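Student: Spelled out, the chains give:
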Amino acid sequence: MAKILDFVLGMFSNDLAIDLGTANTCVYVKGQGIVLREPSVVAVKKDTRGNNVVLAVGHDAKRMLGRTPGNIQAIRPMKDGVIADFEITEAMLRHFISKVHNSRRLVRPRIMICVPTGITQVEKRAVKESAQSAGAREVYLIEEPMAAAIGANLPIQEPTSNMVVDIGGGTTEVAVISLSGIVYSRSVRVGGDKMDEAIMTHVKRKYNMLIGESSAEEIKIKIASAYPMDPEQQLEVKGRDLVTGIPQNIIITSEEVRKAISEQVESIVQAVRIALEQTPPELAADIVDRGIVLTGGGGLLKGLDQLLREETSLPITVVDDPLSTVVIGTGKALDNLHILKEVCID
Amino acid sequence: MALKELGIALREAREAKNLDIGDVAIRIKVSARVLRAIEDGERDGLPHAVYARGFIKSYAALLGVDNDLVMRAVDEAYPFEVPEELLPETVAAQPPARARTGLSPVVLALAALVLLAALGGGWYYRQQSTREAEVPKVAQPAQATQPVPPVAPVAPVEAEAQPASAADAAPLVNATVPAAMSGATGVAANATNAPAATSSAPVGQPARNATAPVAAAASASTAPAPAAVASVTPAPPAPAQASAPSGAPQGGVFDSEAAAGEGADTDGSVLAGGTHRIVVIALADCWVHSSADDSDVRQFSLHKGQTFALTFTKRLTLKLGNAGGVRIRYNGQEQPAPGESGQVRTLVFPPQAQ
Numbered sequence: 001m002a003k004i005l006d007f008v009l010g011m012f013s014n015d016l017a018i019d020l021g022t023a024n025t026c027v028y029v030k031g032q033g034i035v036l037r038e039p040s041v042v043a044v045k046k047d048t049r050g051n052n053v054v055l056a057v058g059h060d061a062k063r064m065l066g067r068t069p070g071n072i073q074a075i076r077p078m079k080d081g082v083i084a085d086f087e088i089t090e091a092m093l094r095h096f097i098s099k100v101h102n103s104r105r106l107v108r109p110r111i112m113i114c115v116p117t118g119i120t121q122v123e124k125r126a127v128k129e130s131a132q133s134a135g136a137r138e139v140y141l142i143e144e145p146m147a148a149a150i151g152a153n154l155p156i157q158e159p160t161s162n163m164v165v166d167i168g169g170g171t172t173e174v175a176v177i178s179l180s181g182i183v184y185s186r187s188v189r190v191g192g193d194k195m196d197e198a199i200m201t202h203v204k205r206k207y208n209m210l211i212g213e214s215s216a217e218e219i220k221i222k223i224a225s226a227y228p229m230d231p232e233q234q235l236e237v238k239g240r241d242l243v244t245g246i247p248q249n250i251i252i253t254s255e256e257v258r259k260a261i262s263e264q265v266e267s268i269v270q271a272v273r274i275a276l277e278q279t280p281p282e283l284a285a286d287i288v289d290r291g292i293v294l295t296g297g298g299g300l301l302k303g304l305d306q307l308l309r310e311e312t313s314l315p316i317t318v319v320d321d322p323l324s325t326v327v328i329g330t331g332k333a334l335d336n337l338h339i340l341k342e343v344c345i346d
Numbered sequence: 001m002a003l004k005e006l007g008i009a010l011r012e013a014r015e016a017k018n019l020d021i022g023d024v025a026i027r028i029k030v031s032a033r034v035l036r037a038i039e040d041g042e043r044d045g046l047p048h049a050v051y052a053r054g055f056i057k058s059y060a061a062l063l064g065v066d067n068d069l070v071m072r073a074v075d076e077a078y079p080f081e082v083p084e085e086l087l088p089e090t091v092a093a094q095p096p097a098r099a100r101t102g103l104s105p106v107v108l109a110l111a112a113l114v115l116l117a118a119l120g121g122g123w124y125y126r127q128q129s130t131r132e133a134e135v136p137k138v139a140q141p142a143q144a145t146q147p148v149p150p151v152a153p154v155a156p157v158e159a160e161a162q163p164a165s166a167a168d169a170a171p172l173v174n175a176t177v178p179a180a181m182s183g184a185t186g187v188a189a190n191a192t193n194a195p196a197a198t199s200s201a202p203v204g205q206p207a208r209n210a211t212a213p214v215a216a217a218a219s220a221s222t223a224p225a226p227a228a229v230a231s232v233t234p235a236p237p238a239p240a241q242a243s244a245p246s247g248a249p250q251g252g253v254f255d256s257e258a259a260a261g262e263g264a265d266t267d268g269s270v271l272a273g274g275t276h277r278i279v280v281i282a283l284a285d286c287w288v289h290s291s292a293d294d295s296d297v298r299q300f301s302l303h304k305g306q307t308f309a310l311t312f313t314k315r316l317t318l319k320l321g322n323a324g325g326v327r328i329r330y331n332g333q334e335q336p337a338p339g340e341s342g343q344v345r346t347l348v349f350p351p352q353a354q
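Going line by line, the protein sequences match chains V and U. Under my numbering, the very last position in the first sequence is 346; numbers go up by exactly one each time. Under my numbering, the very last position in the second sequence is 354; numbers go up by exactly one each time.
None of these hints come from the bench; they were simulated from the model. If you're wondering where the values come from, they're calculated on a predicted model, not measured in any experiment. Glycine included, each C-beta is placed from N, C-alpha and C at the ideal position. Possibly wrong hints are sitting among the right ones.
EDC-like cross-link-like pairs, simulated, lysine to aspartate or glutamate; straight-line CA separation at most 20 Å [claimed, not checked]:
1. Lys57(U) with Asp320(V)
2. Lys17(U) with Asp321(V)
3. Lys222(V) with Asp320(V)
4. Lys206(V) with Glu129(V)
5. Lys4(U) with Glu42(U)
6. Lys57(U) with Glu5(U)
7. Lys57(U) with Asp289(V)
8. Lys302(V) with Glu263(V)
9. Lys57(U) with Asp321(V)
10. Lys206(V) with Asp289(V)
11. Lys79(V) with Glu129(V)
12. Lys302(V) with Glu5(U)
13. Lys57(U) with Glu310(V)
14. Lys57(U) with Glu15(U)
15. Lys17(U) with Asp44(U)
16. Lys57(U) with Asp230(V)
17. Lys128(V) with Glu342(V)
18. Lys314(U) with Glu340(U)
19. Lys259(V) with Glu197(V)
20. Lys204(V) with Glu236(V)
21. Lys4(U) with Glu76(U)
22. Lys57(U) with Glu12(U)
23. Lys222(V) with Glu256(V)
24. Lys302(V) with Glu76(U)
Computed Cβ-Cβ distance ranges for the label pairs, DEER-style [stated by the list, open to error]:
25. Asp23(U) with Asp321(V): 27 to 33 Å
26. Gln233(V) with Ala61(U): 17 to 23 Å
27. Lys222(V) with Glu5(U): 35 to 41 Å
Next up, chain V with everything else stripped away, as it sits in the complex (with noise of 0.2 Å):
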């Protein structure tokens, strides 16, 4: 019976699959595409009662990030790959759940959302709740390294070894997959937010100068590097100095961004080494000539793959769109559910 109504409320229901992102959450609608890309921020605004009154989310709300009065705060509910704050992140999921799916309020939408690998029960519920009270009908989880490699294409239901290393917001996920099946998994908790806190906290060291997150993630985005570039490039930044107080003007050069990431680049880099000490021969074969599949907003950052290239001797390949993999992956999952199911975890 229970069968039935599930076949039937399918028959109407948009099923969404979510890349729940510390950065960036995207949502896919199956059978559409992806339709949604907004950064995981929300901004909140204290009532006169002391609610929280969600003011704005996505774009809008990324916009208010370390520009709001006393009385509303910008938040990204998301840390480290998890929730770090279940309701604010509750509301965002709603709000992109009737964003994506508002004529179909009837029905609710089956959702299969990504999580990081080795997060704990309690995060995995929470994961699960939320999307529940954000009004999901049914959640699936899948775990983001399995996600990305099947948005990547990888074949992983062969008995041959696949490498992904996906580089998020809040984690780096290292995995080695075959067989549809995770052999090997290592998650670090490292990533581009990390690397714009190192570049803040290098700003303000070396020069003396205040930048916020906006600020450094734009930094990261357009010079940063993890291997030296041909030309070097250098960028303007704005911030408040530190000693008289007065906002004023830098210029960065990529060369010192690249040194004030390193650390970062160098913990990801040695993830993918200790995953590859830790695979077992047969596949690590496989590795050789396939070599590693680059994914998430951290692929995009220069020089990546080459230093990669560099520090582990294998080829690495870079998806053409990084960013989308992951959800694109979850998709596909969520399409092909039946077949699929076995990636999911619980």
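On the provided structure of chain V, position chain U as indicated by the hints.
Tutor: Chain U only, in chain V's frame:
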């Protein structure tokens, strides 16, 4: 640009840069075997599509070959990046995709069902509502065709006064009616008791007979008068009735009071336009079913003392539940009693159509 041409272009670019395969292999860490396969355009020697794309891209990037050109060639070589492993399943997994088109018949069937149910419901509702509206609605034609009855001079009543039947007819109409008047009623109402009198009466007479007593009965309460007066008294109540049928669409069923006005104008044998007119006067409660011109079907119950007027052009079928309880006037002409009390009879008008 096919894979082969791309391979040739890459080889040329590499040779122009004075690099050999080994150098390239060291730089991009792709094995020389795979690089050779790329240059020869041998698909068999290349790894899985995703990796091959990546290798070609990094090779082209190293050599500084136009990226767009390479990307187009790669896209051509690997048109849809559907992994072969997933392909059979994706075809088998078409159900989700096909489910959309495949399910649509189900959705269509459901929609059709809902539509049918809606139509059926609508039809039933219409049926119900017409049935409810039937009685008031069908009663109207009789009224519509009815001209405002002029105050007709009422014929002398004394000629028809039949003292013999007065006794049993009187209680039917009004207990307070004086003897002469109730006698007049008796003639008309009591068709069973005195068939001879009605049948032998001239065409115009019975109508007056009927009107006179009823009108008299109506006026009786206000002016209990002897028979001689009764013939004159109908005049005042008549105008009152005249306005009633024209103004108030009360239906064809009237009290005996209303019948006075009606009866007065049913003088003409056949109404204008070839319409026939039937007046049913109930002496006792009677269920009536009428079908005028085979289209205007109505059924109703007449209570004692009520009068019902019907018009039709061609044919009228009248079914009476209590044939003895009614008196029928057809085109102003008193008809013989349709039957015994409690008898069910079906009458057809005009009579020759029987």
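Student: What hints, given by number in increasing order, does this structure fail?
Tutor: 2, 4, 10, 12, 15, 18 and 24
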